[in-house]
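Student: Listed here are the chains, written in short residue letters.
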Amino acid sequence: MADILKIDRLSFRYPDSPKKAVDGFDLSVGEGEIVVLAGQSGCGKSTLLRAVNGLIPHMYSGDYSGSVTVGGASVKDSEMKDLAQKVGFLFQNPENQIFMFTVERDVAFGLENLGVPRTEMRSRVDEAMKLLDITDLALRAPHELSDGQKQRVALAGVLAMKPRLVILDEPTSLLDPKTAEELVALVARLRKELGTTFVIVEHRLDLLVKMADRLVVMNEGRKALEGTPRDVLFGGEAEAYGVAVPSVTEVQRLLASDGSVGLGQLLGPVELADAVERRRA
Amino acid sequence: MIEFQDVTFVHQNGVKALDGVSLKIDSGETVAIVGENGAGKTTLVKHVTGLLKPASGKVMVDGLDTSSTTTAKLSRKVGVAFQNPDHQLFSESVEEEMSFALRNFGFPAELVEQRVAWGLNLFGLTEYRKSSPLVLSGGEKKRLTLACILAWDPEVVILDEPTVGQDSIQKEKLAGTIRMLTSSGKTVVVVSHDIEFLWPIQPRVVVMKAGRVLGDGPAGKLMLDKGLLDAARVARPHLVEFYESLSNRPETPFVDPLEARRWVEGEGSP
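So the sequences go chain by chain: A and B.
At position 130 of the first sequence (counting the first as 1) the number is 130 in the numbering used here, and the numbers step up by one without a gap.
At position 207 of the second sequence (counting the first as 1) the number is 207 in the numbering used here, and the numbers step up by one without a gap.
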C-alpha cells in the first residue's frame, strides 16, 4: 500500500512560543486507511493538521524542520491551490466553512476558485451532493439547515474537490449521537466506494474504534502511542494521555483481568454481554 | 426555581422551536436536556436567561417573570456558558474577561481578584491570565466562559454542550465541577449530546423533540426507555446497552464500569 501521507521528523515552533508545538513527529498513512488521532487539548494535534493541509508553513510562520509529503509531493514546496485538491479539510464547526446563499453554490465554491470548467463543475457538484444525500437541499440556504445537514454540505464541498486524503477535525462533536453514527457510517462508505483516506481527530472514541485501522495518541507534540485501537485501548496507557476509553471497553478490560472475558478484540456493549453469558454457560 | 408554563416560541422563519413546553425545575436540581439537533434545547435555555421571550405562555425564574424582567437582572441569577464561546468572549485578556461581569455586578476589587484567581485555577487557565482569549484553544475558551460564570456565583448555572472540544481529563474535571455545584445547592441545567458524559452524573433527564418535552425523569429510569429514546433519536449509554443485554442483571443499571465488574464477578461466584 502506497503512502498517501508521510510525516518525517516534523517539528514546528510558533514565534514567541517557548516550546515546540510539534516535536519530531513521524507518521505514515497508507492509501485508504482510516487513522484516528487523539490526545489532550494542546497536545499539538491542530498544529499537525495545519502542517498537513499547508496552512503551516504557508500561512503561519515559525521554526519548521522535517518534512510532510502528500501523495509524494512536499507540502512545503507545493502551492496552496495544488494542496487544496489533494487534502480536504472538514472543520469542527461547519459554520466556519459554509457561507454561500445556496447549498449547491457552497458545494461548488472550492471548484469555482480553482477555475474548473462549468460543465465539469456541474457534474462534480451533483455527484458530491448525491454521495451525501443532499440533492434535495441544493437550492436551500445553508444557514436554515440542521447541524447534521450543514456538516454534510461542508463535506460535500470537500469531496467535490476529489481529494485523496480527507482530514476531519472532531467531526462528531456538534452532532447528536444518531447523526454522529450516520456520519461515521458515511466515512466507512466513502472509504469503501472511493478509496478515500481519512485522518480523524476525535476525543470521543466510542463511535470510531471499530472502524479505524489505527489509533495514534499525541502528547506534548510527540507520538506517545500508536497501534490498532484494540492494542492502544487495552494497553493501559491511553487514559494518561487524555484519551477517553469507552465505558464498555473499560468493563471488558476489568473483566479480562480476572479471566471473565478475553481481550482478542474490542467488543461493543451487546457483544460484551454475549461474551459474559457464554462464560457463564 | 425555573418554571415553564405552556411556552411556545416561533422563530422569524416560522419554525416553531418550542411548542407548548411545561417544565418545572426545583432549586438544587441537576437536569440534563437531551434531544437531536434542532429539538429546541438551546431555545429552551435562552428563555431561562430572558434572551428570548415566549410568544405565548410564561417563564418564571426565581419568582420573576422573564417577559417583564431585564436580562441584566436575570443574569445575576442565571449564568450561561453558550455552545460557541466565541459569542461571549470579547475582552483584551483572560483576566479582564473574568473580572468584567464581577465589576459590573459591583463586587469590591479585592473580591474580584480572589474570584478571578479561584476560577482560573479551577479550570487550569492560570498560565493564560495575561493572554488574549483569542489565543486559547476551543476547549480552553469553553472552560474560560464557565470560569467567568462561576466566578459571580449565580444560583442557576446553564451549560450548553460543555464537553465539545474537551479531552477526557477535562471532561472528568467538568463532571466533578457539576457534582460540586450540585452539592453546593446550585441549580444546574446541562444541554448535551454526550450521553456517555451525562450517564455517570445521573441527572434528571428531559428529552426534547420538535419543540416538545417527550420524556422527563431520573436518568436511571429514563435511559431504559428504548421506545422513547428511539423516537427522540437519543442514543442509550453503552453501559445501559450492556446491562440490558445481560439475562441476569441487578435492578438498576450500572453507573460506572467498576459497578459492572462487581456485579458480573459477584454473580459468577457461589
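Since the hints were derived computationally from the structure, they do not count as laboratory data.
Mixed in with the good hints, there may be bad ones.
Claimed, not checked - FRET-style restraints, in silico, Cβ to Cβ:
id	chain 1	residue 1	chain 2	residue 2	range
1	A	H143	B	R103	33 to 39 angstroms
2	B	S56	A	G262	46 to 52 angstroms
3	A	R279	B	Q202	27 to 33 angstroms
For clarity, every value in this text was computed on a predicted model and none was experimentally measured.
For glycine and all other residues, C-beta sits at the position ideal for the given N, C-alpha and C.
Student: Hint by hint, note whether the structure agrees.
Tutor: Results for each hint:
1. H143(A) / R103(B): 33 to 39 angstroms: holds, 36 angstroms
2. S56(B) / G262(A): 46 to 52 angstroms: Between S56(B) and G262(A), where Cβ atoms are some 59 angstroms apart, the hint is violated.
3. R279(A) / Q202(B): 27 to 33 angstroms: holds, 29 angstroms
The structure fails to meet hint 2 from the earlier list, while all remaining hints are met.
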